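Enquirer: Here are the chains, one letter per residue:
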Amino acid sequence: MILFWIVAIISVASALTVVLHRNPVYSALALVVALFQVAVVFVVMQAHLIALLQVIVYAGAIVVLFLFVIMLLSLEPDVPRPGRYGMRAGAITLAAFLGIELAAAALASQPSPDTLLPPDYGSTKQVAERLFTTHLLPFELTSVLLLAAVIGAVVLARRRA
Amino acid sequence: MDVIIVVAKALVALVICLQVTVLLLWVERKGSALIQDRVGANRANLFGGLLPFNLGIVNTFIADPVKLFHKEDIVPAEADQFLHWLAPWLAVFPLFLTFAVIPFGDVLVLGGREINLQAVELGGGLLFVLAMVSLGVYGVIVGGWASNSRYALLGGVRGSAQMVSYEVGMGLALVSVALTYGTLDLQTINREQGALMWGFLPAWGVFYQPIAFVLFFIAGMAESKRAPFDLPEAESELVAGFQTEYSGSKMSMFMMADFIEVAIVAALVTTLFFGGWQIPYLQRDGFHFPGGFGFAVPSLAVTVLQIVSFLVKLFVFCWFQILIRWSLPRLRYDQLMSLGWKRLLPVALANVVVTAVLVLALEGWTT
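Residue numbers (the numbering used here), protein chains in the order written: chain X, 1 to 161; chain D, 1 to 367.
These are calculated hints, taken from the structure and not from any lab test. All values reported here derive from a predicted model rather than from experimental measurement. Treat the hints with care, as some may be off.
To be verified - To give an idea of the interface, some chain X residues facing chain D are shown, with a C-beta separation under 8 Å as derived from the structure:
no., residue
1, S27
2, L52
3, A59
C-beta atoms are modelled at their ideal positions from N, C-alpha and C, and glycine is treated no differently.
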């Protein structure tokens, strides 16, 4: 429980840094910290496989590509711009809605940490079994989606060259 | 008692990692000299030449680190101070953790309790290694960016692209190994390799998965950013790439990260493909040669032999990497990318498919 609070505080702080920091490189690095903390939460929940995949895929590959793009474009630190109040108000309203919704969902589910987990919860075998039986259709749809993205990227790159 | 055992095992893993690193520093200097027909590091003539042999090894063990850590630490004025400081830590820290899951022996029987010779017993050890190696890229990319120098930035960008590309092939090579042994636990993979094929051939990964071994070794060398894959630091083009603006102890941390990566690749090749701590025909109670004869060996001696076997294999593969580094010229950037994506990746994918079909067929056949 103590670990959970430490992780929670660090992840919220780093998530805020992602949004609020003026320098995109710092934002991306804070995103790595936030993703890492989520991986720690997975470890606390005994889901070791998901935690490791989280680190490999998100922290190890995706944010590296973010950084790659940021560096290639050599983005300058943001300067706060005046105006655009309508957009800001809209963003704050949407964020508030999302926050209320998440809070409601969390309150409604009332998780109790000790009773939920079956003995081999989160093991590689169990995750794989679920993935290839109960959740086969979403899994396959996701892979089709990714394939479409890859083909799209190749087509765009070819057209440019 | 359990706490002491855990701390001791963690210390052993750390000591192996550090000592191999320091030793590699010397082996690389002398080895490269041997390959290039030079004398190499020879300025350690202690006791005024009274000794018949050269103490270059002492020089590299003690004098070199002391020298490096006392050099002035220069930070460019325009650099991002915080990230410039952070980058070497990002490069070294995840790599230290990798050694925690590598088994360096079977079990040590001590006072009636069996101690598993692996610092952390993690079910997903293979994935843990991949995760930590993939985090190592941040040292390169952050160091390159924070230095605020064109050479460093180019090195950082190259490094990130290279490491992400080769991680794919590396991961797929490991998938076929995991399929073969049916587990992600490195210690279990190691124990499985103690079996015999056709009664005489040790069931090492290299005999089951020769293609995966070659793929993994190439991808691993690319991950460690050393020649022929040293484009992130290509000294003839980029001065020293991502570490151009680093000096003193920070530079030596990057150097250490390089050597730890060499050691990690060697340790993984040993563990996954060459039986790790296994010695052919040596079981827990002694040697059992094919043909029915053999002799007993005391349990403690077996453990010592296993650790020695692991270390010997580790050094052989470290040396092999040094040999390759000093023999091959650097790849061009487009060659690097086409090797990674157009050669390694399709072969690795085909290997996974063939392995999966074979595993399924053999399982169906036996059950």
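Enquirer: Please go over all the hints and tell whether each is borne out by the structure.
Expert: Do the hints match the structure? See the list:
The beta carbon of S27 (chain X) comes no nearer than 13 Å to any beta carbon in chain D, farther than 8 Å, and the hint placing it at the interface is violated. The beta carbon of L52 (chain X) comes within 4 Å of a beta carbon in chain D, closer than 8 Å, and the hint placing it at the interface holds. For A59 (chain X), the interface hint holds, the least distance from its beta-carbon to any beta-carbon of chain D being 6 Å, beneath 8 Å.
Against the hints set out earlier in the document, a violation occurs for number 1 only.
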